[in-house]
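Given next are the chains, with one letter for each unit.
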Amino acid sequence: MRLAFSFCYEVDAIEYSFFAANIKNMLAQNSKYAAVTIVSMPYLALARVTGRSFREHNPDIDFFIFLADRPVAHVFEPADSEFRFLNVNDLELDHAESVFFRYKELELTYALTPCVIKHLLDIGYQGVMFLKQETLVLEALDTVTSHFSGSSVLLTPHLLAPIGRKGGEKWELNVLLSGVFNGGFIGFSNTTEARVFLDWWEQKTLEQCFLDTANGLHFEQRWLDFVPSFVQSYTIIRDPGMNVGHWNLLDRNIKSSDGKVTAMGMPCRIFRFSGYDAKAPGYLTRYNKDISMDRIGEAAAVLRKYQKMLNDARHEATSRLPYAFGYFDNGAAITNAMRKRYIDCGATVLRFGDPFETDHPGSFYAWLGSGSHQS
Amino acid sequence: MKLNGAAICTIAFENYLPFVHVLTDSLIAHDPGLPFFALLITEEGEPPGSRVPANLNILRMEDLSIPEADARPRFYDRKQLSASLKPALLKHLLKQGYASVIFLDPDMLVTASLSQVIATVAGHSLTLTPHILRPVEADSISGLEKDLLRTGMFNAGFIGVSATPETLRFLDWWDKRLAEYCLNQPKNGMHYDQRWLDHAVGFVNDLHVLRDPGVNAAYWNLIDREVVFDGQQYLIDGSLLKCIHFSGFDPGILPQATCYSREIDITQLGALPALFYQYGESLTAQGWAGRSGIAVSNKTFARYSEGYFECALTSAEIYDLGKIETKQKGAFARPTIMDGKFTLVSALSAAGIRKRLGWSDEESWGVWSRGMYSDLLIPVPEALHDDILISFLVQGFVPRQHPLQEVDVFLNGDFVAGWALNKTYMPVFHTIRASQEACVNGTLVVGFQMRNPVSPFALGISDDQRVLGIRLQGIKVEALSQYKNDRFKLRVTVTIIRITAKLKAWLRDLSHSIRPI
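Order-wise, the sequence lines are chains A and B. FYI, my numbering numbers position 53 of the first sequence as 53, with every residue one higher than the one before it. FYI, my numbering numbers position 69 of the second sequence as 1069, with every residue one higher than the one before it.
Hint data in this document are derived by calculation from the structure and do not stem from the laboratory. Any given hint could be a false lead.
[Claimed, not checked] With a straight-line Cα cutoff of 27 Å, these simulated DSS-like cross-link-like pairs (lysine-lysine) come out:
(1) K1079(B) / K1095(B)
(2) K1476(B) / K1355(B)
(3) K170(A) / K1079(B)
(4) K1187(B) / K1146(B)
(5) K104(A) / K1187(B)
(6) K1095(B) / K1176(B)
(7) K166(A) / K289(A)
(8) K166(A) / K1091(B)
(9) K166(A) / K1176(B)
(10) K170(A) / K1091(B)
(11) K204(A) / K1146(B)
(12) K104(A) / K118(A)
(13) K1146(B) / K340(A)
[As the list claims (entries may be wrong)] Just the calculated beta-carbon pair ranges, DEER-fashion:
(14) P1165(B) / T143(A): 21 to 27 Å
(15) H1030(B) / R351(A): 55 to 61 Å
(16) F1229(B) / R286(A): 55 to 61 Å
(17) G1252(B) / T143(A): 55 to 61 Å
(18) Q1436(B) / A332(A): 42 to 48 Å
[Unchecked claim] If you want the ones that stay clear, here's a sample from chain B, every Cβ over 10 Å from chain A, calculated:
(19) T1024
(20) L1168
(21) Y1425
(22) I1461
Glycine is no exception: its CB is placed at the ideal position from the N, C-alpha and C atoms.
Could you put together the complete structure from these sequences and hints?
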């Protein structure tokens, strides 16, 4: 543990040079719109695949990779220079360390979604597309960006029609518990009402980005259900080729020939591998074991393509990188139980200061060790 | 005024007739000539109401052509049943030829002409109103946004439809879901009919989200609005108030605006208090006796003694009671008889059913509940791939001095039904449904929380000091498919009998037509 930790801090110097070059790159804003994905270092390869497939079909749109982590410079490759990198230091969050500490790795990447979109709008982009990390882009997204001129928010519903299969109501209820819109693809344009919504959403996700469906929470996603209530001009993209994933795959009639993928006869633009686990390559997602490679028909070709791209992006190697917010500054691992303790303390945690610090007596680490929390 | 092919409708149980009266009057005052329909539901065997207003088109459940196999009237309580019939009613009116139809909850009041709203509804497949149009200010209603995540974005008290194929497809789907899943289980994604409406954003292409603060105004969205009365009409944030929703209204608790939240006082609602008091007077004039015992009580802590609770339990406490003993798989060896045959109280223990908390001593006819809370433990087969219907033969303790006993029924700690028991000369079967998921631990805990139990002593009837709520005579338990099968068998038999009769007649005719050569 200690080794992994010190490793990631020793490379600060190289890191600096890489990001200095990147910052120069940043100053030139090449496009009206931007696209962004958010990952921690162990998932860097997923962001690469999302970015590469995006850039292949949309070469004119700037693509950002936001690292919800402390960057480890030596893993970056020359090919990464086609992306713009941002990381947690670019955000101005109140009590940032407290936010980084309280969430698990994936929760944090979800929780930062509104802040990252806001940050890109601040830089000057007129519209920002957010793509969740496990995305494969298969087509140009000009039909999507064309909606930016009249809409503050772009959304894709999980389901476009009732599920007629036996037991369909169970899946429909499942979607109600997860949110009717999929958080894997969203667009925000730089309007006042979009900003108002993002501010409200950010406030919600920084406080409660948890999975607790019985109480109406599904990470960052369920709050999107409020868009039609709060926002005047929004577009629900009802294109069956947008945002195909395990939740609607079986109803979308996926066909693949000559590298062209279609969903219900429409070009398949965005395919999502939500919950894909490289250690179980026979399945599309860890959330539904019914959807195995041999049951998804021609969508299997897309899965194989994704697996190959993931391999080329060195997923095997990058997935072993440490997650900086998983350790105290002395290298001790942070467990979920500790995070829960921290959250249960409520607003009083601020007295600990930076919760990652261990070397002073008033630290959270010292408090944990003292046993006083058990009383 | 001529409104092109539009109609308004509502659904109410007969005890809600005063609300329907007041709504009808308000509608006629602003849109005379607009057809208005009320689906009126009566309990089985109850005589049709004598006070039905003449200016109202009354529909009955029989008019909605609900298939015979549809079992919902058997296991839904009043609120569930009336909510579940909305799509069927809307479909019925569209099929009658109305181009657009608006459903309004009976506790709505029309305060201005709806002609503009109707024009909007006519232009879209489906028109819905969100509960709130902007984030809730921190100090107005605590926890409202999270409540809405559990209960639904759109308020089902207003539904506008027009006659398009897309609308009919949506209503067909909604009706199909509500036939079985019009339940109040937010943790499973259900809140009566309402939560299903959230799917409209995906399923309906031409969905119109009506973001007019003057339509379906209610306590959940009025609190941080500017409300002005200009002598003629009310303006909400500058928009004309067209219909207001008195959800949870009770004249007895004014100035509290609703029985669902103690936080909202009508004096916080700008110029509206006068309208609330007027509404209360109109209801009383129409014979509304008030909703007894529905107002949210102060958080009480149960005192538990001698096997019964003297105070109402909180929902968390009931939830805990529902979990007790269901944790141990197969706590009972003997499975309950699932054949749908009736079991008397005296035979319950032989059938493996245990009366756990809050019961008096058994008597020859059955048993009285005692205290605020009583429950039963019912063992069920674990690997049953079916839902279960449990019917209770019960009556309330309803002497002349105390005519209504209200009971909340809980299954494994989840609220499943609200019973309003009044005077019946025969005990009536009340049925609840347990999903197969609920049966997973092999034991069901059915809890009865009495809202207003009372002792005969307190009423001056006798010196019996037991606090009584319900009298239970027996139970029957059956699998849902069993129930459906029985119906099916019955129908097949009837058909066969008909065919045989026809065949006989045909043979007779034939024999007449054959002449000997």
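A quick look at each hint next to the structure:
no. : hint                           : verdict
1   : K1079(B) / K1095(B)            : holds (25 Å)
2   : K1476(B) / K1355(B)            : holds (15 Å)
3   : K170(A) / K1079(B)             : holds (23 Å)
4   : K1187(B) / K1146(B)            : holds (12 Å)
5   : K104(A) / K1187(B)             : holds (23 Å)
6   : K1095(B) / K1176(B)            : holds (17 Å)
7   : K166(A) / K289(A)              : holds (17 Å)
8   : K166(A) / K1091(B)             : holds (24 Å)
9   : K166(A) / K1176(B)             : holds (13 Å)
10  : K170(A) / K1091(B)             : holds (25 Å)
11  : K204(A) / K1146(B)             : holds (10 Å)
12  : K104(A) / K118(A)              : holds (22 Å)
13  : K1146(B) / K340(A)             : holds (21 Å)
14  : P1165(B) / T143(A): 21 to 27 Å : holds (26 Å)
15  : H1030(B) / R351(A): 55 to 61 Å : holds (60 Å)
16  : F1229(B) / R286(A): 55 to 61 Å : holds (58 Å)
17  : G1252(B) / T143(A): 55 to 61 Å : holds (58 Å)
18  : Q1436(B) / A332(A): 42 to 48 Å : holds (46 Å)
19  : T1024                          : holds (30 Å)
20  : L1168                          : holds (13 Å)
21  : Y1425                          : holds (40 Å)
22  : I1461                          : holds (44 Å)
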